[in-house]
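Kindly produce the complete structure, drawing on both the sequences and the hints.
Chains as they are written, first to last, in the working numbering: chain A, 1 to 430; chain B, 1 to 379.
Treat the hints with care, as some may be off.
As the list claims (entries may be wrong) - Calculated lysine to aspartate or glutamate pairs in the EDC-like style (CA-CA distance at most 20 Å, straight line):
1) A:LYS67 to B:GLU36
2) B:LYS358 to B:ASP325
3) A:LYS312 to B:GLU188
4) B:LYS212 to B:ASP259
5) A:LYS3 to B:ASP336
6) A:LYS199 to A:ASP180
7) B:LYS263 to B:ASP86
8) B:LYS346 to B:ASP336
9) A:LYS31 to B:ASP336
10) B:LYS138 to B:GLU253
11) B:LYS115 to B:GLU36
12) A:LYS31 to B:ASP339
13) A:LYS155 to A:GLU125
14) A:LYS351 to A:GLU316
15) A:LYS67 to B:GLU187
16) A:LYS3 to A:GLU25
17) A:LYS37 to B:ASP325
18) A:LYS312 to B:GLU187
19) B:LYS197 to B:ASP259
20) A:LYS3 to B:ASP339
The hints are simulated quantities; they were obtained by calculation from the structure and are not laboratory data.
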Amino acid sequence: MIKAIKSGDNDNVATLLSFAKKNCEINIFSKNIFIEKIKSKSEVPFGHKIAITDIRSGSKILKYNEKIGIAKKRILKGSLVHINEIQSHFDVNNKPIKDKNYKIKIIDFKKKLKNLLKIHIKNKEIQKVLENYFLEAQLKNIKSHGIKRLPLMIKRIQNKSINIEPKIKKKWEGSKLTIDADNTLGHYAMILAIREIKKNINKKKTISCIIKRSTHFGYSGYYSSKIADFNCISFVTSNGPSLMSPVGFKEPIVSNSPLSISAKIDRNKFFELDLATSVSSRAKIDNDVKSLGVIKENLLINNKGNPTNDIKEFDESFLMPMQNYKGFGLALGLEVLTGVLSNGPILNEIKHKDKSNKNKESISHFIFAVKGNYKKRIKSLIKIIENSKTQKNIKAQWPGLKRFMSFKNNLKNNFFIIDEFEKRILNNYL
Amino acid sequence: MNGYKRSNNSVGIRNYTVIMSAADNVNPLARKISKEIKQSIYIPASYGRGQLGLDHENFLNCMAGIADNPNVFKTILVSMDGNSADWIIQKSKRKKDIYKISFMESKGLMDCVKKALKYQKLIIQEMKKIKRVKFNYKDLIIGLECGGSDTTSGLIANPCVGNFVDDLIKKKGSAIFSEPVECLGGEESLLKRIKNKKLKQKLLNTIYKYQKIANDNKISLTGVNPTPDNIRGGLSTIEEKSLGAISKSGSQEIVDIIDFGKKIKKRGLNLLDAPAAAVENLTALSAAGCQVILFTTGGGNPVGNPISPTIKITANKKTYKSFKDLIDIDLSFLIDSLDYTNGSLKIAKKVNLIINNKKTLSEKNNYLESNISRFGPSI
Numbered sequence: 001m002i003k004a005i006k007s008g009d010n011d012n013v014a015t016l017l018s019f020a021k022k023n024c025e026i027n028i029f030s031k032n033i034f035i036e037k038i039k040s041k042s043e044v045p046f047g048h049k050i051a052i053t054d055i056r057s058g059s060k061i062l063k064y065n066e067k068i069g070i071a072k073k074r075i076l077k078g079s080l081v082h083i084n085e086i087q088s089h090f091d092v093n094n095k096p097i098k099d100k101n102y103k104i105k106i107i108d109f110k111k112k113l114k115n116l117l118k119i120h121i122k123n124k125e126i127q128k129v130l131e132n133y134f135l136e137a138q139l140k141n142i143k144s145h146g147i148k149r150l151p152l153m154i155k156r157i158q159n160k161s162i163n164i165e166p167k168i169k170k171k172w173e174g175s176k177l178t179i180d181a182d183n184t185l186g187h188y189a190m191i192l193a194i195r196e197i198k199k200n201i202n203k204k205k206t207i208s209c210i211i212k213r214s215t216h217f218g219y220s221g222y223y224s225s226k227i228a229d230f231n232c233i234s235f236v237t238s239n240g241p242s243l244m245s246p247v248g249f250k251e252p253i254v255s256n257s258p259l260s261i262s263a264k265i266d267r268n269k270f271f272e273l274d275l276a277t278s279v280s281s282r283a284k285i286d287n288d289v290k291s292l293g294v295i296k297e298n299l300l301i302n303n304k305g306n307p308t309n310d311i312k313e314f315d316e317s318f319l320m321p322m323q324n325y326k327g328f329g330l331a332l333g334l335e336v337l338t339g340v341l342s343n344g345p346i347l348n349e350i351k352h353k354d355k356s357n358k359n360k361e362s363i364s365h366f367i368f369a370v371k372g373n374y375k376k377r378i379k380s381l382i383k384i385i386e387n388s389k390t391q392k393n394i395k396a397q398w399p400g401l402k403r404f405m406s407f408k409n410n411l412k413n414n415f416f417i418i419d420e421f422e423k424r425i426l427n428n429y430l
Numbered sequence: 001m002n003g004y005k006r007s008n009n010s011v012g013i014r015n016y017t018v019i020m021s022a023a024d025n026v027n028p029l030a031r032k033i034s035k036e037i038k039q040s041i042y043i044p045a046s047y048g049r050g051q052l053g054l055d056h057e058n059f060l061n062c063m064a065g066i067a068d069n070p071n072v073f074k075t076i077l078v079s080m081d082g083n084s085a086d087w088i089i090q091k092s093k094r095k096k097d098i099y100k101i102s103f104m105e106s107k108g109l110m111d112c113v114k115k116a117l118k119y120q121k122l123i124i125q126e127m128k129k130i131k132r133v134k135f136n137y138k139d140l141i142i143g144l145e146c147g148g149s150d151t152t153s154g155l156i157a158n159p160c161v162g163n164f165v166d167d168l169i170k171k172k173g174s175a176i177f178s179e180p181v182e183c184l185g186g187e188e189s190l191l192k193r194i195k196n197k198k199l200k201q202k203l204l205n206t207i208y209k210y211q212k213i214a215n216d217n218k219i220s221l222t223g224v225n226p227t228p229d230n231i232r233g234g235l236s237t238i239e240e241k242s243l244g245a246i247s248k249s250g251s252q253e254i255v256d257i258i259d260f261g262k263k264i265k266k267r268g269l270n271l272l273d274a275p276a277a278a279v280e281n282l283t284a285l286s287a288a289g290c291q292v293i294l295f296t297t298g299g300g301n302p303v304g305n306p307i308s309p310t311i312k313i314t315a316n317k318k319t320y321k322s323f324k325d326l327i328d329i330d331l332s333f334l335i336d337s338l339d340y341t342n343g344s345l346k347i348a349k350k351v352n353l354i355i356n357n358k359k360t361l362s363e364k365n366n367y368l369e370s371n372i373s374r375f376g377p378s379i
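In structure tokens, the structure reads:
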């Protein structure tokens with residue numbers, strides 16, 4: 001029997017007590033108590049360490065309950081952890097670990113994305129929807145909701161928590177549209193709703209759309225701006241699995257719901273207010289942990305109800321609402337517009353998406369669109385913002401400007417920048 | 001436990017006569033004398049002339065510390081001019097036990113040897129008078145060192161020594177651990193074991209001094225420490241090595257930090273500021289007053305100190321096999337049980353034997369060396 005010893009309760013590595021070949025079963029012990037069997041992903045010599053969980057790039061390697069360094073890269077459970085994987089804090093060559101960047105031509109990106117979606121997603125219509133969505137997310141440089149989300153999405157399609165052969169039902173009552181999305185991909189449900197809105201908005205002028213039994217749809221500005229393109233002012237929000245509570249709560253009860261308001265300014269140019277009700281998104285914090293190995297202050301709350309920026313507590317912590325109680329209140333208000341209005345699950349009735357449970361996520365979205373002739377006024381609004389007096393090095397910005405600029409520049413250059421992780425995804429190393 | 005009472009009330013477990021050089025230019029003379037005098041121990045000087053400031057001070061303190069070690073009965077201090085010997089004697093707390101021979105004040109080489117033999121006669125006469133007396137833990141100081149560390153050091157050997165040290169401190173004995181460079185990354189756990197605020201700051205200054213030396217010389221501690229053999233043994237970073245190394249100091253309060261070359265002042269667990277290299281470190285531990293040193297090794301480090309009997313311990317089966325005639329305790333059988341109490345009992349038994357005049361393997365095989373660290377150039 002090959003044994004490895006875990007020296008501290010919080011350790012994420014164990015020390016081998018004999019030599020292990022690749023694909024060997026290794027028995028992990030802590031103080032003589034058997035914990036679990038792990039398969040070795042590589043050869044591990046006597047006395048060397050093996051990862052007993054997946055370890056994020058940039059997070060702490062713990063042995064004897066203490067930090068012995070930072071992970072230089074993502075380390076998979078069962079692989080060797082040694083000098084190529086750990087960076088000492090005391091190394092003079094110690095620099096923040098940053099992913100390499102690569103240029104990719106838009107045409108090549110499109111081709112690779114198309115192939116990738118073909119391999120993993122059978123439904124052709126959903127393929128098409130995601131192609132457009134991911135291209136725009138990358139062009140607008142919304143990294144946290146770009147193709148980095150694809151691996152998780154594919155996993156959820158594979159374990160059937162997302163239904164890609166849905167029977168979607170729609171129902172019109174006056175200007176109220178209700179859609180039952182049959183647990184399909186949120187992106188697809190939203191695009192179907194938008195098609196329906198496009199067909200009817202000229203006649204109805206105002207449409208409220210409630211989508212129930214749906215799943216995560218990416219970033220909400222994408223959809224509000226799509227609707228704004230029909231010369232509408234639009235509002236989009238959603239609920240989701242609970243990830244957030246204010247300081248003092250020991251568990252998260254509400255999602256960090258997105259809300260976006262869009263209006264068209266010109267071709268491809270939108271006023272696009274896109275917010276979440278938390279201070280920062282989980283994806284962004286995760287990215288910081290991966291690339292810098294740190295968490296900024298006042299983003300997370302631990303399970304004792306206190307603010308934290310300790311990486312050790314990352315997995316057990318939840319998101320802090322923006323302005324604490326105000327963000328919490330806003331999220332609850334949005335919950336009324338979604339879960340309450342759709343008669344679907346609310347707050348922590350919504351089951352957590354991953355962790356391989358078979359429960360369908362079943363979240364609700366809400367869209368509100370008003371047709372109108374507002375272009376002059378929105379241009380004036382932009383102008384007032386741009387012409388307002390500011391400090392020397394502060395440029396007055398309006399919601400959507402950053403996204404518009406990256407979109408414009410990337411299209412002009414015909415290429416954009418992706419990082420190591422995105423490159424790996426595109427090359428189908430999921 | 002039985003030992004030899006000294007003039008300053010310390011108790012030695014050996015009764016050595018030391019022939020010491022005050023500077024490197026009299027090493028051949030001291031060596032010649034030590035050959036004439038049976039069972040004497042020769043302590044050469046690596047430098048001693050042209051050393052400056054702190055380096056010179058360190059050298060004198062260390063030499064005086066060796067002469068004052070409780071295991072030393074008498075010292076014959078050989079020097080070129082009287083002055084260099086006097087400097088050492090001034091630092092000593094047992095001035096009466098040092099006999100001085102100055103080359104310049106003698107009539108040549110053979111005259112010096114004659115003088116030494118005269119002193120030897122006196123020493124033998126006095127030696128007859130002293131008897132081994134009982135002593136208790138209050139007078140016992142044990143040094144702790146590790147070398148050629150690998151995973152088994154941190155996993156088995158050092159925690160066993162740590163258990164032993166905890167017992168020793170509870171019995172009012174003292175222990176000195178060293179190698180502050182191998183505390184880098186373990187500062188937090190050490191700080192928790194210090195009560196005094198000033199001492200906490202001193203700990204950090206002492207530890208970071210070595211990082212600064214490395215950084216100032218544009219050396220990455222990776223590659224130097226952990227050393228290539230540490231890395232082959234499975235240690236990836238200085239933090240990991242440190243945490244394993246620190247475990248040999250047990251869990252008791254740290255009462256004082258001893259400067260390089262200085263002697264222990266407070267009884268209990270002490271940290272000594274000295275470089276990690278084994279021979280230099282053992283010498284500093286001996287100069288600080290240790291009667292016995294426990295030396296854990298992973299990949300194998302055979303060396304012992306000539307004044308303070310050095311008990312070599314390993315938990316690496318392979319190492320035990322290849323260094324069998326130099327390693328006193330094999331703990332590799334603990335790899336399955338990780339029973340540190342069992343390991344510490346085994347160590348305690350051996351320490352007791354060594355104290356009561358049984359020889360360590362490095363003493364038996366004369367694999368002994370001493371050398372004083374230096375930090376700057378000579379001019």
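**Request:** List, from low to high, the hint numbers that the structure doesn't satisfy.
**Result:** 1, 17
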